[in-house]
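Undergrad: So the chains spell out like this:
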Amino acid sequence: MKKLGIAVVAAVMAAGPVMADLVFPSLSYRTGPYAAGGIPFADGYADYFTLLNERDGGIGGVAARVLECETGYNTEKGVECYESTKGEGALVYQPLSTGITYQLIPKATADDIPIHSMGYGRTSAANGTVFSHVFNYPGNYWNGASGAINYLLETNNGDLSGKKIALVYHNSAYGKEPIRTLEELQKKHGYEFLPLAVDHPGQEQKSQWLQIRRERPDFVLMWGWGVMNQVAVQEAANIRYPMENFIGIWWSGSENDVLPAGEAANGYKALTFHGVGSDFPVFADIQKHVVDTGKAAGAGDQIGTVLYNRGLYAAMLAAEAAKKAQSIHGVAEITPAMMRDGMEALEITPALQEELGIPGFGPNFSVSCENHGGPGLVGVTQWDASAKTWSLISDFKPTDTEVIGALIEEDSTAYASENNIALSCQ
Amino acid sequence: MFYREAGDFSTTYPQDSQTFPIRFDRYRYYAVLAVAVVIMPFVMNDYLVNAIFLPFLIYAIAAIGLNILTGYCGQVSLGTGGFMAVGAYACYKLMTAFPDINIFFHVLLAGGITAAVGTAFGLPSLRIKGFYLAVATLAAQFFLVWLFNKVAWFYNYSASGQINAPERTVFGVAVTGPNTEAWATYLFCLVFTVLLALIARNLTRGSIGREWMAIRDMDIAAEIIGVNPLRAKLTAFAVSSFFVGISGALFFAVYLGAVEVGEVFNIQKSFIVLFMIIIGGLGSIFGSFAGAAFLVVLPVVLKLVGVDLLGWPTDIVAHFNLVVVGLLIIVFLIAEPHGLAQLWRVAKEKLRLWPFPH
Amino acid sequence: MPEQFVWGMEVFLNGLMAGVLYALVALGFVLIYKASGIFNYAQGVMALFAALTLVGIMEGQVPFSHLINAIFGTKIHHFGWHAPALLAILGTMAVMVLLAWLVQRLIFRHLVGQEPILLFMATIGLAYLMEGFGDLMWGSEIKKLDVGLPQGINLAIDEFTYNIFDYGFFIDNLDIVATFIAIALVGALVIFSQYTKQGRAMRAVADDHQAALSVGVSLNFIWILVWSVAGFVAMVAGIMWGAKSGVQFSLSLIALKALPVLMLGGFTSIPGAIVGGLIIGVGEKLFEFAIGPMIGGATENWFAYVLALVFLVFRPQGLFGEKIIERV
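Protein chains in written order, with my numbering: chain D, 1 to 426; chain H, 427 to 784; chain L, 785 to 1112.
Do not take every clue at face value.
Calculated pairs, BS3-like style, for lysine-lysine (alpha carbon to alpha carbon, straight line, at most 27 Å) [claimed, not checked]:
| no. | chain 1 | residue 1 | chain 2 | residue 2 |
| --- | --- | --- | --- | --- |
| 1 | D | 187 | H | 576 |
| 2 | L | 859 | D | 295 |
| 3 | L | 859 | D | 388 |
| 4 | D | 187 | D | 388 |
| 5 | H | 576 | D | 164 |
| 6 | D | 288 | L | 859 |
| 7 | L | 1107 | H | 555 |
Reference listing, derived: stretches of chain D covered by chain H, where coverage requires no fewer than 3 residues with Cβ under 8 Å from a Cβ of chain H [what the hints assert, rightly or not]:
| no. | segment |
| --- | --- |
| 8 | 67-80 |
| 9 | 120-129 |
These aren't lab readings, by the way, just hints derived from the structure by calculation.
C-beta: ideal position from N, C-alpha, C; glycine also.
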């Protein structure tokens, strides 16, 4: 069995094509418990590169190739995917799962390949002096937590003292991310904070929602994923919790999460760091060059959904970073190390968004050697159940960088000292 | 012709009671070991080691551990994932608390701690039997995962709740952390696997192994002929947990390097190790290896064939993967209920007679 | 504290309701285990598969459309019909019967007389198979299941309790419906097994295979029947749970909620599954209510198992399980 495995591996590796294109691996999860979230993201990611190849002839004249590898949201499969794709000249990894991201941070750094964990993964990776190869622009979970509080401040005339804010969270590293930030902000704004853990997978949340019904928090935040989201929205509707006071993180704010609850989900809000809907010029191009030519990655019914847009946006940022890298180094066929430089010099301006066909789609930001997380601008979207659309109700606004910066500093220095990492950018 | 014991004479007791009494067997194992130690490190690359060999070696340890408990002592356990987590977290705490001590001892100690925890959770086995026990061990699985997730001391109060393996060396060569060489991690795990397999083999041949098997075959009868069920069951839990703990420690420190307990050591892990020993063969050390190899290599091969050779969409291949694994399990059970180990035994029988089967 | 007490009562009632839902899943396990000694790990996946099929039929999805599209480059998705719920339930039932027949014919007929652990293993293989098959057949996105069950707070109870305790209890309408369906289901099962020929044969098989065979009961038929009934129970459970969360992969994980129930009630007893479900439901909810906040919450998963474990230490065969008699 072993020998057979080696023979097959060797044969496949030998048969692999020579490096003549820009390789963007996509560690997708189209199966398993989170498939519903993984499919649109992977479609969006693939479709944008197809669009670039079809419309512009690639990136800087070199064709982009998306190398899809199925992880099923499983860390071990993620490792296998990483090892099997990195030899093909993978430029940047989108690990798409907290576990796989943590896994890859040391590995990819050692292999000199950048990681872009967009709105997930290790939050303190925003500190570029410690995490030289990890990027999590344009926003992270702590930005999200602060963004939610800022939004509530804004809607409550800048005063949250005496208000009660509950957090319903997935009882895992991911779900616990915002707690520290919310506790720090609690000291600043004087609200009452009530964290409620939901055990994986989150099919049964009666206890938590009964408690919410008893305690009557003014606002409920949610850090959920997978089936937990749908059940939470349904339970909130069941206890007649006012949906407009219920705000989810961006992973709890897709069509998948609200559609099963039907009309009852109307008014539910979610944070976001990119635009919603398909009302942007780039979608016309995708329709023309990708869908109509039959080259779409999926069935085509996901276009314009939140997670499709997120995949598209991730691809767009990757492509822009690649272009940047090409112009910095003056070569078209860039290496992962050059890609890293490109990501560090990435700048998203209104003019660039206009040019890409996504005016106002995402926040404007620039990345630097020290700051891999961008400014962390967070917007808020709201679900309209009768029209079945999300709409942006609050523009991308800054978050409390003072509080978050201190937390990031603390966590990343702890990581650096535990792993003997020499600080860069100095 | 190829496999025979004719001409094998034992003239002394040590000769008769050595680990592999048949000469051919012995040489064959020496050959496999020689290839594994001398040749394999030179052909190792990152892909082979991370996609196939590390998971294979580490799962093999876990499978041997569970096989001791389930295959030899007859106590079905579904707490393997939880016990692996104990090993992993014990190893992490030891690694960060005593950075100067060699990682080798950390891993062994992690096994020891897991053995203690496993024995405690083994206590109900004195009352509860069969499937009831299997489900009862799930209590250990869920409770341990919850505990490691909840108590911040276990992950050194890091904001992320994850544990990361810092770099540690053996003889100056890094075996954990990001800057490891493929051959080093491979050899490190191989040493553990071979050592533990030898220990398991000899334990199961000795008096304690016979006690376990007596309990497995019928515990009341065993008790009547003088086997102490308390001792037998608890030692089985302890030894099994020791193995599982070591595999958990290696899984975290060497293979993954970063672990979140709910994601990596969840109930699926318990099931997959159980599948390994049932497919491989209950009550067989070789079966543990065969089962681990089967379940590690099969998905990789299916993926390579489906995605890379045939160019199918990755999700369809993944779904087919499930279908094929499911089908293979069923077909195996129908064709050979005693697992790959039994196939191996049958093959040996055939080879013994070949080419004159009658 | 009276307020705590009133809240505790609300939690208790909700625990009972949750327990009914757990019991629904556990019932399927018990039926199969009793009749054939198979611990059917695939029960959760059966619920998922049934719910997927139900939605597929209702929405007129083309089975295997993703696969067909990938191979032939076509773009088919739907037949373009919307079947009424009742019709779809009947269609799903037919599929589950077919499945029962296939399972019996292709798998368990070849495994008669094997050890329980191997039968258990075979059902795990079956679970894998059905999981992959279900995904291939119907796709892995989340589907909305709408068979017209009411959901949300029951206002009558809310008002009634408000008048008494000055605090309105929350009871989900869906849970009330589930309770009635569960009662009806158990009633039907009891009538079926007590008063029909097939039902009596089923009980005979459960008691003693060989004795049943010798009086002319067809084992094959009974097993197909049992698997079909278990498939029906799985479908009901799938509908109830699917109404909460949409039909998706995680539905198969509800099996894990049923295991402590089984353990506590005994693998062989239908009343055990019900009582066990209620005890587990109430126990875990009350624990989360009273102790949970002190130790950080999210205790329900493990507490259910620990509770069952404590019961087992005193009654190793579960509350209502057949007494295990061991002879040498």
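Undergrad: Hint by hint, say whether it matches the structure.
TA: Hints versus structure:
1. D:187 <-> H:576: Measuring from Cα to Cα gives roughly 23 Å; hence the hint holds.
2. L:859 <-> D:295: holds, 12 Å
3. L:859 <-> D:388: Between residue 859 of chain L and residue 388 of chain D the Cα gap is close to 24 Å, so the pair holds against 27 Å.
4. D:187 <-> D:388: violated, 38 Å
5. H:576 <-> D:164: holds, 24 Å
6. D:288 <-> L:859: Distance of about 17 Å is within 27 Å: holds.
7. L:1107 <-> H:555: Distance ~12 Å between residue 1107 of chain L and residue 555 of chain H Cα, so the pair holds.
8. 67-80: holds (count 9)
9. 120-129: That given contact holds, which follows from 3 residues of the segment 120-129 of chain D lying within Cβ reach (below 8 Å) of chain H.
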